[in-house]
Amino acid sequence: MITINSKQGVFLLNLWTKQEWFGNIRGDAISGIIVALALIPEAIAFSIIAGVDPKVGLYASFSMAVVIAFTGGRPAMISAATGAMALLMVTLIANHGLEYLLAATILTGILQLIAGYFKLGSLMSFVPRAVVVGFVNALAILIFMAQLPELTNVTWHVYALTALGLAIIYLFPYIPKIGTSLPSPLVTIVVITLITLGLDIDIRTVGDMGNLPDTLPVFLIPDIPLNFETLQIIFPYAVSLAMVGLLESLMTATIVDDLTDTKSDKNRECKGQGTANVATGFLGGMASCAMIGQSVINIKSGGRGRLSTLLAGVYLLVMVVFLSDILSVIPMAALVAVMIMVSIGTFDWGSVKRLKTLPISTNIVMISTVVVVVYTHNLALGVFAGVLLAALFFANKISHFLYYETTFNEETNTKTYRVVGQVFFNSADRFIEFFDFKEVVENVVIDLSRAHFWDVSAVYALDKVVIKYRREGANVEVIGQNQASSTIIDRFGVHDKPEEIEKVMGGH
Numbered sequence: 069m070i071t072i073n074s075k076q077g078v079f080l081l082n083l084w085t086k087q088e089w090f091g092n093i094r095g096d097a098i099s100g101i102i103v104a105l106a107l108i109p110e111a112i113a114f115s116i117i118a119g120v121d122p123k124v125g126l127y128a129s130f131s132m133a134v135v136i137a138f139t140g141g142r143p144a145m146i147s148a149a150t151g152a153m154a155l156l157m158v159t160l161i162a163n164h165g166l167e168y169l170l171a172a173t174i175l176t177g178i179l180q181l182i183a184g185y186f187k188l189g190s191l192m193s194f195v196p197r198a199v200v201v202g203f204v205n206a207l208a209i210l211i212f213m214a215q216l217p218e219l220t221n222v223t224w225h226v227y228a229l230t231a232l233g234l235a236i237i238y239l240f241p242y243i244p245k246i247g248t249s250l251p252s253p254l255v256t257i258v259v260i261t262l263i264t265l266g267l268d269i270d271i272r273t274v275g276d277m278g279n280l281p282d283t284l285p286v287f288l289i290p291d292i293p294l295n296f297e298t299l300q301i302i303f304p305y306a307v308s309l310a311m312v313g314l315l316e317s318l319m320t321a322t323i324v325d326d327l328t329d330t331k332s333d334k335n336r337e338c339k340g341q342g343t344a345n346v347a348t349g350f351l352g353g354m355a356s357c358a359m360i361g362q363s364v365i366n367i368k369s370g371g372r373g374r375l376s377t378l379l380a381g382v383y384l385l386v387m388v389v390f391l392s393d394i395l396s397v398i399p400m401a402a403l404v405a406v407m408i409m410v411s412i413g414t415f416d417w418g419s420v421k422r423l424k425t426l427p428i429s430t431n432i433v434m435i436s437t438v439v440v441v442v443y444t445h446n447l448a449l450g451v452f453a454g455v456l457l458a459a460l461f462f463a464n465k466i467s468h469f470l471y472y473e474t475t476f477n478e479e480t481n482t483k484t485y486r487v488v489g490q491v492f493f494n495s496a497d498r499f500i501e502f503f504d505f506k507e508v509v510e511n512v513v514i515d516l517s518r519a520h521f522w523d524v525s526a527v528y529a530l531d532k533v534v535i536k537y538r539r540e541g542a543n544v545e546v547i548g549q550n551q552a553s554s555t556i557i558d559r560f561g562v563h564d565k566p567e568e569i570e571k572v573m574g575g576h
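FYI, in the numbering used here the residues of the sequence shown are 69 to 576.
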């Protein structure tokens, strides 16, 4: 048996922390640049969706990335302004303004911290694999659809440059020596930008998306009345933002776990998201969460540690504040090519082949998740729909694993029913149908040694059977309950309580 003293424990903890931070410095430094470049147009676009100045989304992306690098439960995962969160705050901004949004962002963070301390991150274990696959595929489709505005009503130059960008992304890695030393998305951005400037091609650039901020974010307290009326206004929005933010973040963590073959701390991620949103609200940013698209870019560009997330936020701020003149000339076609690569890489193409071999119920759950997400553009609704369908299919499947055996002792005139399986709300009626109430017997034994009672519906079904037999004049004995079944039957059942039986038998 190996024992570890306190000094060894501290050493191992420091080693683990150093590995998370400095185990992949070169890869994290390069991937951070690519992620920062991809974050800028998206942060601006999401700010426009929400109805706020572009700097609100950019400051949020900087703040979230930097804070979550220290507090999050998943290294290499990127958190920033997202479309799902932006859609939820449109009405609040339109009716009450930016200051109320900042207050709602802070409250969102507080609610997420509470969720983390109550270990609600563990609820991710209830999300089936089919829902995760549907979530990934839907997100891939949404990422691709988000690029379509940049590819419609444009000149042929945009299509040519986008195609060239995709060619560089997929072919550059095959070039000997340098192909594996530089990430192809970064090469694409540089090459397409130089071509555009060299040939003086007039196409849409990052600078056309909106004005970039020229100052660093500063600490501020939202200028709102601190009263109950304000809480009534921001609380419903904060609840929605907290739920969607955590759901999207935890789903992203699960996907990054799969991509890197590592584990994440979901409860720590809840706390980390909460801390980051509180900080973001005080720095003038909007509520944000993890981004699967940018996280996939980070992983595929070589990012593995917390340093990649931190540097993505730092690079972002440096670029928009100090290098805005250079940044503004990057063609959107280059970033569109990168995002299309992300879309293709994110989609689980194997899931299409598996449609022929997986159960129909699994396919329905996956496809329903995709359809709901794509139709509503709300990732949370799609996940909720998928989990609900999966739960219904599971309940229906389990209810079929219920059967019974009977024996009859002529000497004692006793009929014994041995019930096998799970008894709950969806199988309670089948349980009742097992019994022949018209058969004239003196004694009935219900053997539950191989059955399990899960809920009140199951207990009520047992009460109904026992009471109905007793009305027919039979003596009924229930035997063999396991401890859990016995507890719920004793607590909610009435068949073994004389005073309750009297009321039922008497019709009162």
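Honestly, I wouldn't trust all of these hints.
Unchecked claim - For lysine-lysine, the following DSS-like pairs were computed, each having C-alpha atoms within a straight-line distance of at most 30 Å:
(1) 331 / 86
(2) 245 / 187
(3) 565 / 536
What the hints assert, rightly or not - Simulated restraints, written as ranges between beta carbons of each label pair:
(4) 547 / 524: 28 to 34 Å
(5) 190 / 536: 19 to 25 Å
(6) 386 / 185: 30 to 36 Å
(7) 86 / 284: 42 to 48 Å
(8) 390 / 86: 26 to 32 Å
(9) 336 / 275: 43 to 49 Å
(10) 329 / 244: 24 to 30 Å
(11) 244 / 386: 32 to 38 Å
(12) 471 / 185: 16 to 22 Å
(13) 167 / 284: 19 to 25 Å
(14) 428 / 528: 29 to 35 Å
Since the hints were derived computationally from the structure, they do not count as laboratory data. In this text, all values refer to a predicted model and were calculated from it rather than measured experimentally. Even glycine gets a Cβ: it sits at the ideal position worked out from N, Cα and C.
Consistency of the hints with the structure:
1. 331 / 86: holds, 17 Å
2. 245 / 187: Given that 30 Å is the threshold and the Cα spacing comes to 47 Å, the pair is violated.
3. 565 / 536: holds, 15 Å
4. 547 / 524: 28 to 34 Å: Check failed, 21 Å falls outside 28 to 34 Å.
5. 190 / 536: 19 to 25 Å: With Cβ atoms ~42 Å apart, the hint is violated.
6. 386 / 185: 30 to 36 Å: With Cβ atoms ~34 Å apart, the hint holds.
7. 86 / 284: 42 to 48 Å: violated, 29 Å
8. 390 / 86: 26 to 32 Å: holds, 30 Å
9. 336 / 275: 43 to 49 Å: violated, 38 Å
10. 329 / 244: 24 to 30 Å: holds, 28 Å
11. 244 / 386: 32 to 38 Å: holds, 33 Å
12. 471 / 185: 16 to 22 Å: Given about 45 Å between the Cβ atoms, the range is violated.
13. 167 / 284: 19 to 25 Å: holds, 20 Å
14. 428 / 528: 29 to 35 Å: With a Cβ separation near 32 Å, residue 428 and residue 528 satisfy 29 to 35 Å, so the hint holds.
Violated hints, in rising order: 2, 4, 5, 7, 9, 12; the structure is consistent with all others.
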